[in-house]
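Protein chains in written order, with my numbering: chain A, 1 to 236; chain B, 1 to 236; chain C, 1 to 236; chain D, 1 to 236; chain E, 1 to 236; chain F, 1 to 236.
Keep in mind that the hints were calculated from the coordinates and are not lab data.
Quick reminder that beta carbons are idealized off the backbone N, C-alpha and C, glycines included.
You can trust all of the hints, since none of them are fake.
Computed cross-link-like contacts, DSS-like style, restricted to lysine-lysine with a CA-CA straight-line distance of at most 25 Å:
(1) C/Lys82 x D/Lys82
(2) D/Lys82 x A/Lys82
(3) C/Lys82 x B/Lys82
(4) B/Lys82 x F/Lys82
(5) A/Lys82 x F/Lys82
(6) C/Lys82 x F/Lys82
(7) A/Lys82 x B/Lys82
(8) E/Lys82 x D/Lys82
(9) E/Lys82 x A/Lys82
(10) B/Lys82 x D/Lys82
(11) E/Lys82 x C/Lys82
(12) A/Lys82 x C/Lys82
(13) F/Lys82 x E/Lys82
(14) D/Lys82 x F/Lys82
(15) E/Lys82 x B/Lys82
Covered stretches of chain D (in silico footprint by chain B; criterion: 3 or more residues with CB under 8 Å from a CB of chain B, positions within the stretch not fixed):
(16) 88-100
(17) 200-213
Computed beta-carbon distance windows for the label pairs:
(18) F/Arg80 x B/Asn4: 41 to 49 Å
(19) E/Asn210 x F/Asp46: 39 to 47 Å
(20) E/Asn210 x A/Asp75: 57 to 65 Å
6 protein chains.
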Amino acid sequence: MRPNSRGLDELRPVSIERGFTRNAAGSVLICIGDTKVICTATIENDVPRFLRGSGQGWLTAEYGMLPGATTERFDREAARGKQSGRTVEIQRLIGRSLRRCVDLNQLDGFTIYIDCDVIQADGGTRTASITGGAVAVLEALLSVGRESAFLGFVGAISVGIVEGETRLDLEYVEDSNADTDMNIVMLNSDGFVEIQGTAEGALFSSEELNDLIDLAKKGISELQSYQQAVFDVPST
Amino acid sequence: MRPNSRGLDELRPVSIERGFTRNAAGSVLICIGDTKVICTATIENDVPRFLRGSGQGWLTAEYGMLPGATTERFDREAARGKQSGRTVEIQRLIGRSLRRCVDLNQLDGFTIYIDCDVIQADGGTRTASITGGAVAVLEALLSVGRESAFLGFVGAISVGIVEGETRLDLEYVEDSNADTDMNIVMLNSDGFVEIQGTAEGALFSSEELNDLIDLAKKGISELQSYQQAVFDVPST
Amino acid sequence: MRPNSRGLDELRPVSIERGFTRNAAGSVLICIGDTKVICTATIENDVPRFLRGSGQGWLTAEYGMLPGATTERFDREAARGKQSGRTVEIQRLIGRSLRRCVDLNQLDGFTIYIDCDVIQADGGTRTASITGGAVAVLEALLSVGRESAFLGFVGAISVGIVEGETRLDLEYVEDSNADTDMNIVMLNSDGFVEIQGTAEGALFSSEELNDLIDLAKKGISELQSYQQAVFDVPST
Amino acid sequence: MRPNSRGLDELRPVSIERGFTRNAAGSVLICIGDTKVICTATIENDVPRFLRGSGQGWLTAEYGMLPGATTERFDREAARGKQSGRTVEIQRLIGRSLRRCVDLNQLDGFTIYIDCDVIQADGGTRTASITGGAVAVLEALLSVGRESAFLGFVGAISVGIVEGETRLDLEYVEDSNADTDMNIVMLNSDGFVEIQGTAEGALFSSEELNDLIDLAKKGISELQSYQQAVFDVPST
Amino acid sequence: MRPNSRGLDELRPVSIERGFTRNAAGSVLICIGDTKVICTATIENDVPRFLRGSGQGWLTAEYGMLPGATTERFDREAARGKQSGRTVEIQRLIGRSLRRCVDLNQLDGFTIYIDCDVIQADGGTRTASITGGAVAVLEALLSVGRESAFLGFVGAISVGIVEGETRLDLEYVEDSNADTDMNIVMLNSDGFVEIQGTAEGALFSSEELNDLIDLAKKGISELQSYQQAVFDVPST
Amino acid sequence: MRPNSRGLDELRPVSIERGFTRNAAGSVLICIGDTKVICTATIENDVPRFLRGSGQGWLTAEYGMLPGATTERFDREAARGKQSGRTVEIQRLIGRSLRRCVDLNQLDGFTIYIDCDVIQADGGTRTASITGGAVAVLEALLSVGRESAFLGFVGAISVGIVEGETRLDLEYVEDSNADTDMNIVMLNSDGFVEIQGTAEGALFSSEELNDLIDLAKKGISELQSYQQAVFDVPST
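Isolated chain A, as found in the complex (with noise of 0.2 Å):
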């Protein structure tokens, strides 16, 4: 039996809210169950300096955990000095998959940071970080008149196989006993951007992979819903 007799495809509830600080040109607040991140999206007037002269723009991302957000207190990584492996891994799958949301060629001369910060942590809080992300890449868009460099909203979500159970959107206490733990990366409903799964106790099979594809698939789609929805209704 999942937390909260969830079913083995169901999300945990979403809420999405758009204009969540006012200085950012995009700010939003993604819940996911107990998963919390502030996404925001900044637009500045340069590009990488790989990219001057290229006629394209750049979108990069940073992630952080708040040390408040976990239990155990999440040291500081600015006080460390230095980002963990795992963030540096985090950071590089959000600004990829985030780049898939907008032509590229038709920001040239800006690029938009994405800075994702959980304030509180239950699980999946890259996949959150994507698919919030993506709502502040078009509010911040629209914030300049840019929205038709939007290409759509890429949407991410983990699955896993607990128990011997394939299940959708894994929250900490799942995630930690998963054998197979999978964050995946959509863009429409057959489009793949990214696929990443690890076996971190019993091999995965190819016929397991299909199963985790199709539940992915399906909490893809309603989590796209819910993007689409935020901007449905005027932002506060």
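Dock chains B, C, D, E and F against the given chain A, drawing on the hints supplied.
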């Protein structure tokens, strides 16, 4: 005229929310006008090396600004690999101040970590961090039944001289044009913990100093009422 | 047409040399086409702090690229004072994968260090590191009479979609033009350890994913034969 | 009774030597009791990026403690690879204070570097650095014929409450037992540049604050006479 | 008796292989006994800032030890985030020495990077790096038709006093027991580039110094023959 | 003609002052011409990890250049967060040299830290650091009654070939134009501790090497008289 027709000795609207996130022992969202800071308190079963065997506990603080908290993106210090001088200065002030809230002799074997992360900045982030942090300290002590070690609410506010006027609780547009900017921390009605004042423009005189002190006393007294009120009703 | 008229499901020439250098317990030179990696294994009598008293040993991996391994010089990370995000991501993948080769419960008190240093790069350096690293692990375990802790050869290969074709074992000119680039790690004929796929260009579909998986299974099965063969004759 | 029967409002013996070393444009050895600091001033033909084109020059300060300056060796910060929070806090204070000595509008294109290195420490090293630094600033400006940009001597002193007494110019044994420790910087007889006070033990009241301010005025006025006197005779 | 009955003035077996890897302009594997170093040379179209406009090119060197090169694993400096003092000292020596091989005035606009990575260590890695590096320099210059800028082969060897005997080309077991350890670099038969000698045990006398110098002259002369021979046959 | 009509084999004026500052166990100001270095010695009750239980004590050295010591300001290494290669090289030389002054077997449980900080630089700072450091070592040993562990004064001097002449004790204008620059460290009249020579311009011959050695012997012998003389009268 101050922004929003505020009186010279008037605080911005204040709200303090306990139990803002659920994993940390104490978790507070403090909003003073448009400045918003998440303050969490975590208690660990250890003390720094220099206190081992001393019979004393410890309290330390760290401060951060989320990159999207400011209009122009604030570089992530974890990514730069270094906390700025400003950050170091601020977190040392927060730590020194909040250590006055607690009787370290009653906390042998424990370290309280206070993390203050600014999610939206409009002036006065360090004083809001202290004021909110004191609430998080008490909430955390209550969670472990150690509230007897709490000595009282430390409150903090900025005061300054702007356009020739002494003003309470500077917001960003005032702070950036102030001749004098002063941060004051008090534990009770005439008990100073810390005073840090800088003449950014015109020098200030002894008389002006006394006026600023009086303004701060008034403001901190009001903040201490807000701090107390948070505990007069059950937390969520 | 692939370079050197290679078939779509054909590996580049593979050679694996044991005992390549003599000071490390395990030392392997693996060449897959023009990609050449030195993989060494060292066994130390210690475990990381988080495993002390747990009854478990540990295996960890580090990855580096010699500055002269690439056509354009690759900046020495030791001189820059920091491993890049790419390096960190790769060595975490190598470590996770190779831990599946060994029964950590039989290695209490020991840490196996795998060092993978690329001396010539032509695509697929991370998968070559895993495949060669597994050989170094067994060689090192044999040197201390602990081969019973070896669970089997983990093999790894890249697959991808290039010019609309699914291809096995991408070399650099293919990799840099791939629409999809995927690294797959397996322990046995249908046991996946890790799958990491990224759509760099066009998105990939579930069907394409299955084709890529099949290619990888074929390639890894061949690599495992090469790994096994190394131990069928006495090492130098 | 204070050490050496010093009066509560009495400075320790003060000496200020110009031209202490010969390569820097300004070079001062300031001794206040047993605290000895070398303050040098160097003028470079450049301004920081944020001032380019602004018509303004700049002044910045750095502070260090020689490892042998204290009874227990003070770890060399260059070897540790990091300036401590205390050092950062001090050098920011010195820089802010000494910028008040000069009219930056008359120094377009120049940066003055002030380096304060403590060779022997006995309390009050940051205020001695400011007082000595101001002398080095004028010496350096004289060396390039820019003395018209000098606005006056900033002086600084510590005051505090020790054993219930308000005292001027705390030495180390007093400082380490003080209930309140305050550093005050002034430019003229009632012009405050900076005030930083901390209650280390008992809190301080408004009345005590005023007493400390009066002590500091007296002490700084005397220091300014010493600063002036250095230029009344030709330097060596 | 020396290991392998080697004579006091006898080099270990020497082999130098050109074109060891194919991406760098120059790539050499030098083996001196059991010491094996990969030396690559890369030419970039840029010079350091301090040489811009000077009409001069530049040559610089970096040195590294693969973690598996030594019996006890050598910590990876990229992972520690810092090159050790020993590494810095060695690569400065290599760079200074190899700059004597080339006429920098003929290399305006170019920087030659020499990377020396030890894959197996048995004493004398820094002198092997210099000797092999000189070969890589010429190979790289030939690859761009700039061989006229080559001034000759710098050769380097260690000499020392072990068990009261002056010996040529110390291997590790000798080096770690030497009373005196000296590294000597020469460009021609009586032209010294560098001499670095340290008495680790008993002090050395002027007379012993002269004996060591004579041994080094003999050894370097032989090494220069090996260097020359590499270019007497076409490279692979 | 040398500056100040100095003879080719003549030292600059030498002065060595004991007890220069009062907190360190040994504190020396050494002036050789216009080069001035503060050398302090501190004794701590600990040894590095690699010596625990060995019965041996340790001596280590650190070197720094005050920013104002040179005509062009020398960047503060603590602020840059890194010691330069030159600094690391120098302090390793100082440490190796001064360890020859003491019998480490008589210092079990103790580490002597030597800190050499250049307050004014005019060539020869590393050799002045060694010569002054040896005096600080003895002063510190006397302060704890351990002078029996002192083996004698190590002295050091630079020699070089400038304008075709072999010269003793190069000052900055000579050093920066030298063809050969050599630093020599000796413990007694024919006992070499270290020799480090570099041909910056023309190569040097065996014969020139011998001339330089002779000059150094003469200079070091004189320096050892200065070192001895410091202890022939009571320190202040």
